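Colleague: So you can see what is in the structure, the chains are spelled out below.
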Amino acid sequence: MPLVYSMIKIENLKKHFGSKHILNGVNLEIKDGEVTTIIGGSGTGKSTLIKCIIRLLEPDGGKIIVDGQDITHLNNEFELAKLRKNFGYLFQEGALFDSLTVGENVTFGLKYLTDTPKSDYAKIAREKLALVGLKNIENLRPSELSGGMKKRVSLARVLATNPKVILYDEPTSGLDPIMSEIISQLILDLKHKLGVTSVVITHDMKSAFEISDTLAMLYEGKMQLVASKEEFRRTQNPYVKQFIAGSAIGPIQMKISD
Amino acid sequence: MFKKFGKFLIYFFTQFGLATEMIKDSVFWFFKSKLEISQTLQQILKIGVESVPVILMTGLFVGMVLALQAGNTMQNILSEPLYIGLLVGFSLVRELGPVLTAFVIAGRAGAAVTAEIGTMRVTEQIDALSTLGTNPIRYLVIPRLIAFMVSIPILTLFSDIMGIFGGYVVSVEALGVPSHTYISDITTYLGIDDLMHGLIKAISFAFAIGVICCYKGLNTRNGAEGVGKSTTGAVVISMVIILVIDYFLTAILHAFGV
Ligand SMILES: Nc1ncnc2c1ncn2[C@@H]1O[C@H](COP(=O)(O)OP(=O)(O)O)[C@@H](O)[C@H]1O
Ligand SMILES: [Mg+2]
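Top to bottom, those sequences are chains A and B. Note that the numbering used here has the first sequence beginning at 1, numbered continuously upward. Note that the numbering used here has the second sequence beginning at 1001, numbered continuously upward.
Treat the hints as calculated values from the structure; they're not laboratory data. Some hints here could point you the wrong way.
Stated by the list, open to error - The calculated BS3-like cross-link candidates involving lysine-lysine, where the alpha carbons are at most 25 Å apart (straight line), are:
| no. | chain 1 | residue 1 | chain 2 | residue 2 |
| --- | --- | --- | --- | --- |
| 1 | A | LYS150 | A | LYS135 |
| 2 | A | LYS82 | B | LYS1032 |
| 3 | B | LYS1229 | A | LYS20 |
| 4 | B | LYS1032 | A | LYS85 |
| 5 | A | LYS111 | B | LYS1032 |
| 6 | A | LYS31 | A | LYS164 |
| 7 | B | LYS1032 | A | LYS118 |
| 8 | A | LYS82 | B | LYS1034 |
| 9 | A | LYS111 | B | LYS1034 |
| 10 | B | LYS1034 | A | LYS85 |
| 11 | B | LYS1007 | A | LYS20 |
| 12 | A | LYS118 | B | LYS1034 |
| 13 | A | LYS123 | A | LYS111 |
| 14 | A | LYS82 | B | LYS1024 |
A quick note: this is a predicted structure, and the numbers were derived from the prediction, not measured.
Only chain A is shown next, with the shape it has when bound in the complex (with noise of 0.2 Å):
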């Protein structure tokens, strides 16, 4: 097997809010050009993580080394800028400008993250609205979308700085069955052609084997395993079979009262 270049590694990550521990030395890593998906209860944190890894939450304890640099503590605003200019996040309820119009969202990034001419906008902003399966809907407002389509939009938006890597929050919750199909396979394209590294949450398993490189299963503050797809379906790990499974019965107990 060669040797892949480790692009993130996060080393006994620790956080919490005020009294709630979440993650509790998470460890993992994140190679260039794979795609690694994160699956996990509701809950267990998984949001959380992705956004220590661009730093939008500071670590409490741990390390993350992203690219060769230690990013864990970086709290100068230009070096952070830096860092996320190479990176696209697309955020679980999708989080576009209420204030801007769809196509105005989609170029957002371009001013502030790139040199990109401003003659290039419309044009950029419907190849990659293109590439959602959204046609002629530039001038509307995020209200005047469905959820499944603000999420496309919010998507269109990350892909338009051409990052090279993608945190990706549950980009297929919310969608029918073809358009998440579509997606995963939109995720699958950016890997093969541009050789974007993906880190992936979702409750779609269908998706998570389609797509993973690496799978990893967050439970209580800890990766249960991170491992292969292979070695995902052939696990003996008892938490790990019933989330695939997809089963109300095993050693996972959901806090209903929660």
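Please arrange chain B with the ligands on chain A, whose structure you already have, making use of the hints.
Modeller: Quick look at chain B with the ligands alone, frame taken from chain A:
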């Protein structure tokens, strides 16, 4: 009881410290980066221009009621409505013009600013700004701070002028004060230092409203309910702080002979 008070003091100073941090960041970004001109103009339009009608109305009626009260009082004491122009002019330009304008703008535009930024916070739009290479202070806070500080002094002048006009109408039409008496009261006694007194207050109130409303918005938590809480909080705190600043500024300016 003491414990509760201690807790409140700690809370108060923490908030104060964090707000100071935001002011520091604002100053930093103001000098370190290009101003978002279109955002700033848009905010001046929303905060200033759109507030003109309500400011004209409040200014007019405050002037009218001042003249009526002063007239009736003078009538009772001196059996003649003397010094109406003087009383109306002084109270308006030094005190009521700036304070009432600031109150109206805090309620009208300050609330809107907190609600907008708060909504952006809870829907992760603020985080999205960061991931797209823009600092939220630079993109959201500075344009609004500038808009408040440009708009409120100008609106205060409008309010002063309308108030003096309202006072004139009531004095001349209802109280039978000769028109030249009212005018000469104002032109003889009201000086440029009174105007300065009022404008220094207006700018200080504007800065306070801008900081409080942006800060409350940026620090909103807990979804839609949190947005409501931040918004009412921002307006109430702004009004109290305006009166506190008003007292101390009056004392200080008086000491300096302004
Ligand atoms: N800013 C925050 N303040 C307090 N608690 C938070 C914050 N962000 C997330 N949490 C809590 O952390 C836990 C993990 O959240 P999250 O990472 O969004 O989970 P997931 O994405 O796996 O569903 C949740 O219980 C959530 O309530
Ligand atoms: Mg999540």
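Colleague: All the hints need checking, so say for each whether the structure fits it.
Modeller: Each hint, compared with the structure:
| no. | hint | result |
| --- | --- | --- |
| 1 | LYS150(A) / LYS135(A) | holds, 13 Å |
| 2 | LYS82(A) / LYS1032(B) | holds, 16 Å |
| 3 | LYS1229(B) / LYS20(A) | holds, 24 Å |
| 4 | LYS1032(B) / LYS85(A) | holds, 19 Å |
| 5 | LYS111(A) / LYS1032(B) | holds, 17 Å |
| 6 | LYS31(A) / LYS164(A) | holds, 12 Å |
| 7 | LYS1032(B) / LYS118(A) | holds, 23 Å |
| 8 | LYS82(A) / LYS1034(B) | holds, 18 Å |
| 9 | LYS111(A) / LYS1034(B) | holds, 13 Å |
| 10 | LYS1034(B) / LYS85(A) | holds, 19 Å |
| 11 | LYS1007(B) / LYS20(A) | holds, 22 Å |
| 12 | LYS118(A) / LYS1034(B) | holds, 17 Å |
| 13 | LYS123(A) / LYS111(A) | holds, 15 Å |
| 14 | LYS82(A) / LYS1024(B) | holds, 22 Å |
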